Amino acid sequence: MATYQPLHDWNVTPTEAVALQQQLRSQIRIEPLAEPPKTIAGCDISFNKFEETVYAGIVVLRLDTLETIEEAGVVSTAPFPYIPGLLSFREIPSLLQAWAKLKIEPDVVMFDGHGTAHPRRIGIASHAGLFLNRPTFGCGKSVLVGKYDEPALERGNWSPMKHYGEVIGAALRTKNKVNPVYVSPGNWIDLETAIALTLQCDGGYRIPEPTRRAHNLVNALRRGEQKIS
DNA sequence: GCGACAG
DNA sequence: ATCTTGTCGC
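For the first sequence, the numbering used here assigns the number 1 to the initial residue and increments by one for each residue that follows.
Don't read these hints as lab results, they were simulated from the structure. A portion of the hints provided could be inaccurate.
To be verified - In silico EDC-like pairs for lysine to aspartate or glutamate, Cα to Cα no more than 16 Å straight-line: (1) 103 - 64; (2) 177 - 150; (3) 177 - 154; (4) 162 - 150; (5) 38 - 9; (6) 103 - 70; (7) 147 - 105; (8) 38 - 16; (9) 101 - 70; (10) 38 - 67; (11) 38 - 107; (12) 38 - 105; (13) 101 - 67; (14) 175 - 154; (15) 147 - 166; (16) 162 - 149; (17) 227 - 70.
Note that this is a predicted model, so its numbers are computed, not measured.
Given the sequences, and given the hints that come with them, work out the whole structure.
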């Protein structure tokens, strides 16, 4: 029931995908939130090695209590392969199917990957943000592009990630003495807010709760331990 | 040309 | 991402 704007077809070749990114990047807006968010969604996909079937899921939580208030999952197929820099073409199609099953329209969406911390500044969080037309940001577990100085070891510290001289994201410590996560704006949000939201979604683990729960959901789906909701 | 390379 | 048990360190 949640809606989105189908800006373009997903049936493209890698070369066409890069051209689409170049064309879409100008539509991305990096700015503070217009409204204080009450709900946040986490997204993820899972699959069996060498298989084309993908399990996509979205979990919606209240930002104040981190209580899960809705889950949606789908079993789909990914026609596009994983190619560094083109992750959105593999994951967004099935995530949109899960999105369409949501009754709640989340105020902000967190992605397992990057937003502006991308060679063309349009990672999965930014690309999806254009379709969803609402605040989105990325929180990845490793770097695609960019250099940074190691942030201080205590939770909450962060240092800017730079690429060709520009700040594209942040290496953020979400837990004491544990490797940082990499946060970057997707669309309709700024870096500072994305960092604050990531810290607000703390559940005691390195990975913030929205993504962690979405990951658990899709893995349960893949193993047949969970019915499609 | 070589190495890197989100999930 | 996924395949998998134990094990080193705080």
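Hint check results:
1. Restraint check: the Cα-Cα separation between residue 103 and residue 64 comes to about 20 Å, which exceeds 16 Å; the hinted pair is violated.
2. With a CA separation close to 11 Å, the supplied pair residue 177 and residue 150 stays within the 16 Å bound.
3. At roughly 6 Å between alpha-carbon atoms, residue 177 and residue 154 fall within 16 Å of each other, so this suggested pair holds.
4. For the proposed pair residue 162 and residue 150, the alpha carbon gap of about 13 Å is at most 16 Å, so the pair holds.
5. The hinted pair formed by residue 38 and residue 9 fails the criterion: a straight-line CA distance of about 32 Å is larger than 16 Å.
6. Using a Cα cut-off of 16 Å, the hinted pair residue 103 and residue 70 holds, with the two alpha carbons roughly 8 Å apart.
7. For the hint linking residue 147 to residue 105, the alpha-carbon distance of about 35 Å lies beyond 16 Å, and the restraint is violated.
8. For the hint pairing residue 38 with residue 16, the CA-to-CA distance comes to about 37 Å; that exceeds 16 Å, so the pair is violated.
9. A distance of roughly 10 Å separates the Cα atoms of residue 101 and residue 70; the hinted pair therefore holds under the 16 Å criterion.
10. For a cut-off of 16 Å, the pair hint linking residue 38 to residue 67 stands: about 11 Å separates their Cα positions.
11. Pair hint residue 38 plus residue 107 holds up; C-alpha atoms about 6 Å apart against a cutoff of 16 Å.
12. A distance of roughly 11 Å separates the Cα atoms of residue 38 and residue 105; the hinted pair therefore holds under the 16 Å criterion.
13. Distance check on the hinted pair: residue 101 and residue 67 sit about 19 Å apart at the alpha-carbon level, beyond 16 Å; violated.
14. Simply put, residue 175 and residue 154 have alpha-carbon atoms about 7 Å apart, close enough for the 16 Å limit, and the pair holds.
15. For the proposed pair residue 147 and residue 166, the alpha carbon gap of about 10 Å is at most 16 Å, so the pair holds.
16. Annotation: proposed proximity of residue 162 to residue 149 holds, straight-line Cα distance about 10 Å (limit 16 Å).
17. At roughly 14 Å between alpha-carbon atoms, residue 227 and residue 70 fall within 16 Å of each other, so this suggested pair holds.
In this structure, the hints that do not hold are numbers 1, 5, 7, 8 and 13, in rising order.
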